[in-house]
Amino acid sequence: MVWKTLLQHCISQPAAPRRQDPAAVAALRQRLAAAGHEKLGRSLAIRHVAAGSCNGCELELRATQNLIYDLTQYGLSFTPSPRHADVLLITGVAGDNMIAAARQAREAMADPVLVLAMGDCAVDGGVFKGSPAIAGGAEAIMPVDLFVPGCPPAPAQIIEGLLALLEVNDILPARPVRGPR
Amino acid sequence: MKLLSAQDWQAYPGKFIALWTDAQFAYALYQPAELVATPLVEGAYPALRHKGAAWFQRLAYDSHGHNAIGAADTRPAIEHFRSADGTAPWPEFASPGGEGVHQVAVGPIHAAIIEPGHFRFSLRGEEVLKLEARLGYSHKGTLALMRGKSPRLAARFAARISGDATVAHSIAFAHAAEAALGMTPPPRAVYLRAIMAELERLANHGSDVGMIAGDAGFSFLDARFALHREALCEAARVAFGHRLMMDMVIPGGVAGDTSSGGATAILAALLALESELPSLTRVFEDYASLQDRVVGTGIVSPALAAAYAAGGFTGRAAGQNHDARVSPGYAPYEHFGLEVPVEQDGDVVARIRIRLAEMTESIRLIRDMLANLPDTVIAIAPPSGSGSGLGVAESFRGPVWHWLRIEAGTISDVFVADASTLQWPLVEFAAATGILADFPLINKSINASYSGVDL
Ligand code: SF4
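Keeping their order, the protein sequence lines are chains D and V. Be aware that the first sequence starts at 1, since it is given in this note's numbering, and climbs by one per residue. Be aware that the second sequence starts at 1, since it is given in this note's numbering, and climbs by one per residue.
Just so you know, these hints were derived from the structure itself, not from any lab. It is possible that some hints are incorrect.
[As the list claims (entries may be wrong)] Sample of chain V residues lacking proximity to chain D, with all beta carbon distances greater than 10 Å (derived):
no. : residue
1   : Gly-141
2   : Ala-144
3   : Ser-279
4   : Val-283
[Said to hold, decoys possible] DEER-style ranges, computed between Cβ atoms:
no. : chain 1 : residue 1 : chain 2 : residue 2 : range
5   : V       : Arg-124   : D       : Arg-83    : 48 to 56 Å
6   : V       : His-335   : D       : Ala-108   : 53 to 61 Å
7   : D       : Ala-108   : V       : Gln-7     : 48 to 56 Å
8   : D       : Ser-43    : V       : Ala-88    : 31 to 39 Å
9   : V       : Thr-87    : D       : Glu-167   : 36 to 44 Å
10  : D       : Ser-43    : V       : Ala-408   : 34 to 42 Å
11  : D       : Asp-111   : V       : Ala-105   : 21 to 29 Å
Glycine is no exception: its CB is placed at the ideal position from the N, C-alpha and C atoms.
Can you make the complete structure from the sequences, with help from the hints?
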């Protein structure tokens, strides 16, 4: 019986403290309340596209979802479909072989769209800058709203970037106010 | 290196690892570390019949235009043949005949946070009859960028061949450079490298096992293992200054020593993982509906694994006992009596069991190495010599091989064989033993790198 094993497991383990700095979380939440809420209600959906990364950025992007960073507490979540997404998050150098697919993903999204380039590769090609096989950064293939440098950026920096994106951009419409029926 | 005639080249016996070409020769690498070569004649060489050679021959054509004479499979591996306007024609994906057979196209962009690649499934109902992977979407021209640079500068590219195996690739690259230049890294550096490599193995094995459970809809294991991965990454940051330990291993040694609190941080993360691992394993083994998804799924038969001389946990889950840390072997593992677990079934659950067993072994290794850390310098400067060298390291997914030619301190040619190069064909075979809905589990359970082959 798995439930017995699970229960056994839970009582055998001391509750681990969450180690993400609580002050930092509180500050981020406050910024979110100021910026994000009135624009987007309580959620922002992200579509990630790897456009020629080394897969290091994906590891850290996934880490934003773990129990420590818990991206969803800020109302941020990943969506498989670009059609459901508000943010296009690009990792990688924008390799020539991914240009068409990345642009298609952008076109499939309903405007307004925020584009975030994550990692040195997506900022300007990173160490691969100058390679003839790449466009060299997300901005070479589409307009970018925010760059989050780092190789790879740490999960906390990625979350910072996503929240900053909400703050500095006014292109998203205010949350619709529903009147009485 | 042995120089062979065309006939001897084709008849050469042994377990094939990799094949590549440079301006003059075609090279083939056999276990444990036998390098043979044959001269190119008008840019061509005789094709090898080893199962694993096909992918490498396709890669050699894509990167240098060198033909493998007599090769049965001449499809491009990573080249997309884009025209001037950037568009690329879709290749022909042959479907097995039969009534009701249809194709499903997935990618290059996938649903999860992973790298890009295109999968073309031929299905009858839910049953997968054939999978053909089209890769190359992560192509960055890495090998070309490494040429013309000093080994220390080129190490930054080696560290980015596959980010999840950055330590292993950096070690293999350093081994190759050190072999080419005839230098021996100081003992402390060798130990620190191995500690980093085992940390990397632990982080990846754990989070992959969790993610397979997550793909089967059991997020509890996913959450717990992701938490341990996080603790290991943070310990790596405290100890080495980088969560993935990128750019820490350099030719001649390591870039920095452990910080004063480094060992304590690592040991704390190990202890937390070790105390929860038996219980997590029990949860995994006990959960009937999870077992139902992973037992008998995605089979790589022992015969197939033997034909491809598969390495890594994919090979070890199917009767192969190859581990590069033991054979050909490299320092400092000879001092620590590594146990290599082997299973026979070759399915998803066998691969998971191997990985769980390897985690226990990595925890022990890190502790032993930390306790016996030699007190020497951590790096010596590479001399500006010439030569060629081969280097290997066992990444979490299998052996990674680097080959270098250095002329007057500058890399004139380089080849990198990630374990994935042999494993992608196995993913294609394993997918065709199940239904489409099982593919995410199968794919994750082998976890071949895209960037590692797209180069
Ligand atoms: S920025 Fe660094 S970690 Fe991210 S994809 Fe590029 S090389 Fe990899």
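Task: Structure-inconsistent hints, enumerated in ascending order - done: 1, 2, 3, 4, 5, 10
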